[in-house]
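Could you put together the complete structure from these sequences and hints?
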Amino acid sequence: MNELELFVSLKVPDNVAITAFHTLHKLGYHNLKNLERSDYYKFKFSGDKNQFQKKISKVDILVNANKHKFSFNLETDNQDKKTSVLVQDINHNQNLLKTLKERLDFKNLRNVEKGILWTMYFGGNANAKAIATDITKSLLMNENYQKYKII
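Letter by letter, the sequence shown follows residues 13 to 163 of my numbering.
In case anyone wonders, no lab produced these hints; they're calculated from the structure.
Here the structure is a predicted model, which is why all the values come from computation and not from measurement.
Virtual Cβ for every residue (Gly too), placed ideally from N, Cα, C.
Please note that a few of the clues may not be correct.
Unchecked claim - Pairs of lysine to any residue residues, derived as SDA-like cross-links and limited to a Cα-Cα distance of at most 20 Å, are as follows:
#1 K56 with L121
#2 K54 with Q106
#3 K70 with L22
#4 K119 with L108
#5 K54 with Y160
Stated by the list, open to error - Pair by pair, the computed Cβ-Cβ distance ranges are:
#6 K70 with N14: 14 to 22 Å
#7 L116 with L39: 38 to 46 Å
#8 K113 with T35: 36 to 44 Å
Listed below in structure tokens is the structure:
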């Protein structure tokens, strides 16, 4: 069983991330220097990984070539100044899996996870993980139906 992560973000400035960034600054998080948002997908499948990558990156319900850019790897540069937080629904529904398998012919697909990946960039000597956790709980998630994980 193979696993593959897909990160999808906008080519243009993300108004949701910009608004969240300004709101966090108004809430006093001045060590936060930038905030980015990406859609996150994790696929479990059988078969060839390279073929699956080529096929899944062309699925327009996940990646619209006109407005999205995608990657199969999380950028690891500048790790000491940035922290990524994955926010997912606790009860993930399988509608996307059903659509991919039944309508888009991904018969070898076994499971799909999705979420929002928030990447926070900090300046100075900020305790990035502690501040990122506080930011996530304050604004970026609802603890009643979502969970988070620092990546």
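Do the hints match the structure? See the list:
no., hint, result
1, K56 with L121, "holds, 6 Å"
2, K54 with Q106, "holds, 13 Å"
3, K70 with L22, "holds, 15 Å"
4, K119 with L108, "holds, 13 Å"
5, K54 with Y160, "holds, 15 Å"
6, K70 with N14: 14 to 22 Å, "holds, 18 Å"
7, L116 with L39: 38 to 46 Å, "holds, 41 Å"
8, K113 with T35: 36 to 44 Å, "holds, 38 Å"
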